[in-house]
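Protein chains: 2
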Amino acid sequence: MTTYTAPTKDMQFVLHDTLGIAQQDVPGYADLDRDFTGAILEAAGQLASEVLHPLNEVGDREGCTLENGVVRTPTGFKEAFDQVREGGWTALDADEAYGGQGLPYIMGTAVGEIMSAANMAFNMYQGLTHGAYSAIHVHGTDAQKEKWLPKMVSCEWTGTMNLTEPHAGTDLGMMRTKADPQPDGSYKITGQKIFISAGDHDMSENVVHLVLAKIKDGPEGIKGVSLFIVPKFLVDDDGNVGARNGVSVGKIEEKMGIHGNSTCVMNYDEATGYLLGQEHKGMRAMFTMMNEARLGVGLQGYAQAEVAYQNALAYALDRLQGRDVTGVKNPDGPADPLIVHPDIRRNLMDQKSFVEGARAFTFWGATMIDRAHRAEDKDADGLISLLTPVIKGFLTDKGYEMASNAQQVYGGHGYIEEWGMSQFVRDARIAMIYEGANGVQALDLVGRKLAQDGGKHVMAFFEMVKSFCKEHAEDEAMAGFVGPLKEASKDLQAAGMYFMQEGMKNPNAALSGSYDFMHMMGHVCLGLMWSKMAKAAMDGLKEEGADRDFLEAKIATGRYYMQRQLPATKMHLGRIQTGPEVIMGLDATAF
Amino acid sequence: MTTYTAPTKDMQFVLHDTLGIAQQDVPGYADLDRDFTGAILEAAGQLASEVLHPLNEVGDREGCTLENGVVRTPTGFKEAFDQVREGGWTALDADEAYGGQGLPYIMGTAVGEIMSAANMAFNMYQGLTHGAYSAIHVHGTDAQKEKWLPKMVSCEWTGTMNLTEPHAGTDLGMMRTKADPQPDGSYKITGQKIFISAGDHDMSENVVHLVLAKIKDGPEGIKGVSLFIVPKFLVDDDGNVGARNGVSVGKIEEKMGIHGNSTCVMNYDEATGYLLGQEHKGMRAMFTMMNEARLGVGLQGYAQAEVAYQNALAYALDRLQGRDVTGVKNPDGPADPLIVHPDIRRNLMDQKSFVEGARAFTFWGATMIDRAHRAEDKDADGLISLLTPVIKGFLTDKGYEMASNAQQVYGGHGYIEEWGMSQFVRDARIAMIYEGANGVQALDLVGRKLAQDGGKHVMAFFEMVKSFCKEHAEDEAMAGFVGPLKEASKDLQAAGMYFMQEGMKNPNAALSGSYDFMHMMGHVCLGLMWSKMAKAAMDGLKEEGADRDFLEAKIATGRYYMQRQLPATKMHLGRIQTGPEVIMGLDATAF
Chain A
613 MTTYTAPTKD MQFVLHDTLG IAQQDVPGYA DLDRDFTGAI LEAAGQLASE
663 VLHPLNEVGD REGCTLENGV VRTPTGFKEA FDQVREGGWT ALDADEAYGG
713 QGLPYIMGTA VGEIMSAANM AFNMYQGLTH GAYSAIHVHG TDAQKEKWLP
763 KMVSCEWTGT MNLTEPHAGT DLGMMRTKAD PQPDGSYKIT GQKIFISAGD
813 HDMSENVVHL VLAKIKDGPE GIKGVSLFIV PKFLVDDDGN VGARNGVSVG
863 KIEEKMGIHG NSTCVMNYDE ATGYLLGQEH KGMRAMFTMM NEARLGVGLQ
913 GYAQAEVAYQ NALAYALDRL QGRDVTGVKN PDGPADPLIV HPDIRRNLMD
963 QKSFVEGARA FTFWGATMID RAHRAEDKDA DGLISLLTPV IKGFLTDKGY
1013 EMASNAQQVY GGHGYIEEWG MSQFVRDARI AMIYEGANGV QALDLVGRKL
1063 AQDGGKHVMA FFEMVKSFCK EHAEDEAMAG FVGPLKEASK DLQAAGMYFM
1113 QEGMKNPNAA LSGSYDFMHM MGHVCLGLMW SKMAKAAMDG LKEEGADRDF
1163 LEAKIATGRY YMQRQLPATK MHLGRIQTGP EVIMGLDATA F
Chain B
613 MTTYTAPTKD MQFVLHDTLG IAQQDVPGYA DLDRDFTGAI LEAAGQLASE
663 VLHPLNEVGD REGCTLENGV VRTPTGFKEA FDQVREGGWT ALDADEAYGG
713 QGLPYIMGTA VGEIMSAANM AFNMYQGLTH GAYSAIHVHG TDAQKEKWLP
763 KMVSCEWTGT MNLTEPHAGT DLGMMRTKAD PQPDGSYKIT GQKIFISAGD
813 HDMSENVVHL VLAKIKDGPE GIKGVSLFIV PKFLVDDDGN VGARNGVSVG
863 KIEEKMGIHG NSTCVMNYDE ATGYLLGQEH KGMRAMFTMM NEARLGVGLQ
913 GYAQAEVAYQ NALAYALDRL QGRDVTGVKN PDGPADPLIV HPDIRRNLMD
963 QKSFVEGARA FTFWGATMID RAHRAEDKDA DGLISLLTPV IKGFLTDKGY
1013 EMASNAQQVY GGHGYIEEWG MSQFVRDARI AMIYEGANGV QALDLVGRKL
1063 AQDGGKHVMA FFEMVKSFCK EHAEDEAMAG FVGPLKEASK DLQAAGMYFM
1113 QEGMKNPNAA LSGSYDFMHM MGHVCLGLMW SKMAKAAMDG LKEEGADRDF
1163 LEAKIATGRY YMQRQLPATK MHLGRIQTGP EVIMGLDATA F
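Taken in sequence, the protein lines are chains A and B.
Under our numbering, the residues of the first sequence are numbered 613 to 1203, in order.
Under our numbering, the residues of the second sequence are numbered 613 to 1203, in order.
The reader is advised that the hints may include incorrect statements.
Said to hold, decoys possible - The calculated label-pair distances, taken between Cβ atoms and stated as ranges, are: (1) A/Pro666 / B/Asp944: 53 to 59 angstroms; (2) B/Glu1029 / A/Arg986: 40 to 46 angstroms; (3) B/Lys621 / A/Asp930: 34 to 40 angstroms; (4) B/Asp848 / A/Asp930: 36 to 42 angstroms; (5) B/Gly862 / A/Gly1157: 50 to 56 angstroms; (6) B/Gln1064 / A/Gly1157: 50 to 56 angstroms; (7) B/Glu1030 / A/Gln635: 27 to 33 angstroms; (8) B/Gly862 / A/Ala1200: 47 to 53 angstroms; (9) A/Asp1159 / B/Glu679: 38 to 44 angstroms; (10) B/Glu1030 / A/Met613: 50 to 56 angstroms; (11) A/Glu832 / B/Leu678: 55 to 61 angstroms.
Unchecked claim - Calculated lysine-lysine pairs in the BS3-like style (CA-CA distance at most 25 angstroms, straight line): (12) B/Lys941 / A/Lys941; (13) A/Lys893 / A/Lys863; (14) B/Lys1117 / A/Lys1098; (15) A/Lys1117 / A/Lys1102; (16) A/Lys1182 / B/Lys1098; (17) B/Lys1182 / A/Lys835; (18) A/Lys893 / A/Lys800; (19) B/Lys1102 / A/Lys1182; (20) A/Lys1117 / B/Lys1102.
Hint data in this document are derived by calculation from the structure and do not stem from the laboratory.
Using N, Cα and C, we set each Cβ at its ideal position, and we do this for glycine too.
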């Protein structure tokens, strides 16, 4: 009963008016003019609305089933996957050398939001393939790339990431999966992996698993972990799919959501695997996938909030209930629409201001990745490395909260599965957990990224905010943005200072505040993005033929964020400054 | 795979050390000494752990089914319901004149938490019966009470509340269900009601529906609504169950959670009904049920957080993952337990400090109800009427958030249904919606309750906080509690002042801030409760043979709340003071 329309106008505003991508000095960006990106987004939007979204509820209801060792996807998924493949959507930003279209990552990101909002569980099949593609692309030998990538780019073969074991989640050093070297240079992989998204299914000819395992007699712990390519079906040197490998599905997990994606227990029983990258350097190779995957998960978080918001808004405009206290708005009807009520609006504005801010943040992050990869910009690489845990952690926490807020607009109907709002919430919930639970993101941010390269990147981040504020300090129209942004940035700096001073004495002083810091930083990033968007909208309003309604709404939504959301940094700073004792003081047995 | 143990020690601490119930001047309270309440709580706890909780997951998995017009409850529910009935648990605080045990409401509340935490969906069958019992008890004629109450007290017959219709949720004035007066004084009820919890099932001999309907040719809108008793089976004057009435189940809704409770579409087709209370005064009678129900829903909110916390804590103590950065804690194991990690602790402390504060608040609220009903204390009645929307709205919002936080502790396993954490979250979600969505609670609080009786009750509330602070102003040990409480209370007063000044000019100035105000007030209430508990714990520590570990943990948990949660009032105040323009400024078409 839900619908989805790609927010192409807003995306174009971010890409062109806010980020000015076509003018950026990044190889490949010059082609991305407004017409070109518009055509791509419109086409993706049509596929999403007409094909993918109608399957969202089907996927949730039917789920995946394991029949005689083979996973069956929900009705219609296979046909839709064919359409996605045939449209070339899987190859958008892949290397042209392997059949990709070679577009920048920013385009993959924008299209990714559309596909993910329309049908998160479905889109994961190609999303994980893309991650596996990237790992092979970066770490594979030429022969490996020739062999595996073309079919993965086209999604004739899909990919997976195999990290977790029953007893080893975040702590991968404890993993038990073994790799036994063979005379021909291959390995025999044996062990069990769990939570393998898209682990098996009936939509592709082969599944290429990337599996972390320990080579026999290698170093202990995380230092002995290597990465392997382990296909479901073996592939000969001519690329022909041959015999079944020793890989099987143990079971499909029953999950809270994303039922349309097959989350599998994978059993490896002397399966043939090929080392990817160097021996014992598996974590490095895996991180190529993980960083990309983390951005993709942050995107999932706000994408679910976007589709939930669209439906909540439609309901709020349509559902008649009660009267506007300041005067009847719908005199001919039995009641006024929900949207007249201040608290419904408060809720909708929370959602709208989050989603639009998150989109700008994520798209901006994608341009940093393009800068890093296409222009070899080390600063951009450092900045996005710093902010990846923020994109993942903050956007998924808030995305889930906003999906739940959207569900709330429906009242009782929000709780009934038939109306579809529950699914958005249930699907969004996983984004806070997988690819590193959000607590782990906060730990990565505070325990690792802040101090990386001598704190260079976090200083660059503050410099970026400061220079924006300085640039617009005299612009009176921007005062409502620059003021709060400055204030919030000061809070964040104070928290960083606190970590530096106290964390030396006691690392728990920093780690106790890590979650609050991640949220603070997320707010400052969205505050910066809203300030950039407001400036772009103000400039746009000066032009002839401007879309005044759109631009004025943009500024009003930004003001809402700056006034009502951004100041949360003060609360987080206060929490951080209470110190670790109040958190760590209680003995574990006293809980 | 989850477990539940009733927190009887903590309950006893709240009942006796904090609230001193046995010393309170309320009829019936003198009997409630520590041994007596302890025996009841232990017995309820045993039933909850051994019988009700093991059925929680069964209820979720199987759900209710409609077979040939009859609802079948999940395996084991009927036998468990018999045990609950036989144990006299349904009659705990019911009137002795109708077979109840006549205990105060506070005992029903404490036992209610236990049953609801163990199995929320199951406990609703008796919870709704209790609400219907109360409405008949207050508004029924002697003959009606004689006829219906004894079997409802014993839950041989269960009860329901029928308010919502497909097009009329909060706005009950639009309802279409009609009541046609008959010559014998009864009515023929015709219409459709939706979202009827426990609407039908196979665990009782009869179901007594309380149905809102409009008497033919009565006043328009909400003023023409009356309340009727409409049994599933007609009952003759001797109390014998006879012919089937014109009531049937249209369907069972597929919901996000509480699958074990049958949420029905109920069709009334010239069903025989009996007026309860006065003609056209149905809302008044229904409010008797609704206020009680709202307290019960607030309780559900934190009860789900309690059971989720218990399991998250057990997992955090058991699951080995990573090492304590300040030094290995489990040298003989492959890793340290999760609880050594600061962010896991932050999460657990959030949960623990919320649940214990919420319990004290709810129990305190129950004593206000007892004062109002048993001691005819009008001030207590006013105070609990003011705070009912806070108990409902704040405790369910936070309860859901904390259940979700508990799920997060499990990492990937939290998302897998088999581990049981997902169910707590899905079940808890409804509490924010039913019995008046939380936005409606905020509206009730700010739009109605604040100004009730000339603002007398909110002034009494502030006076209560102030006098506590004054009483302990010189107590240095209490400074860490009194200081933050004073501060938070000042924020709340400032918000109230803002509403008074600005709300006169523009009602939206108050309504735009209603949700933030509800949360602020919830924080101040929990801050007060934590201050009371801390004082009680400090006093307790002076006694010989004190349970030092428990009391010291209590104080530490309270400090956590005061330092890390309570200051959220500042953020809410800031939001309120941004005014209505930032929320209401955007035209509805510009979203």
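Okay, the hints, checked on the actual structure:
{"no.": "1", "hint": "A/Pro666 / B/Asp944: 53 to 59 angstroms", "verdict": "55 angstroms, holds"}
{"no.": "2", "hint": "B/Glu1029 / A/Arg986: 40 to 46 angstroms", "verdict": "43 angstroms, holds"}
{"no.": "3", "hint": "B/Lys621 / A/Asp930: 34 to 40 angstroms", "verdict": "51 angstroms, violated"}
{"no.": "4", "hint": "B/Asp848 / A/Asp930: 36 to 42 angstroms", "verdict": "47 angstroms, violated"}
{"no.": "5", "hint": "B/Gly862 / A/Gly1157: 50 to 56 angstroms", "verdict": "54 angstroms, holds"}
{"no.": "6", "hint": "B/Gln1064 / A/Gly1157: 50 to 56 angstroms", "verdict": "54 angstroms, holds"}
{"no.": "7", "hint": "B/Glu1030 / A/Gln635: 27 to 33 angstroms", "verdict": "53 angstroms, violated"}
{"no.": "8", "hint": "B/Gly862 / A/Ala1200: 47 to 53 angstroms", "verdict": "52 angstroms, holds"}
{"no.": "9", "hint": "A/Asp1159 / B/Glu679: 38 to 44 angstroms", "verdict": "57 angstroms, violated"}
{"no.": "10", "hint": "B/Glu1030 / A/Met613: 50 to 56 angstroms", "verdict": "29 angstroms, violated"}
{"no.": "11", "hint": "A/Glu832 / B/Leu678: 55 to 61 angstroms", "verdict": "58 angstroms, holds"}
{"no.": "12", "hint": "B/Lys941 / A/Lys941", "verdict": "64 angstroms, violated"}
{"no.": "13", "hint": "A/Lys893 / A/Lys863", "verdict": "30 angstroms, violated"}
{"no.": "14", "hint": "B/Lys1117 / A/Lys1098", "verdict": "33 angstroms, violated"}
{"no.": "15", "hint": "A/Lys1117 / A/Lys1102", "verdict": "23 angstroms, holds"}
{"no.": "16", "hint": "A/Lys1182 / B/Lys1098", "verdict": "19 angstroms, holds"}
{"no.": "17", "hint": "B/Lys1182 / A/Lys835", "verdict": "47 angstroms, violated"}
{"no.": "18", "hint": "A/Lys893 / A/Lys800", "verdict": "18 angstroms, holds"}
{"no.": "19", "hint": "B/Lys1102 / A/Lys1182", "verdict": "18 angstroms, holds"}
{"no.": "20", "hint": "A/Lys1117 / B/Lys1102", "verdict": "36 angstroms, violated"}
Hint violations for this structure: numbers 3, 4, 7, 9, 10, 12, 13, 14, 17 and 20, all remaining hints satisfied.
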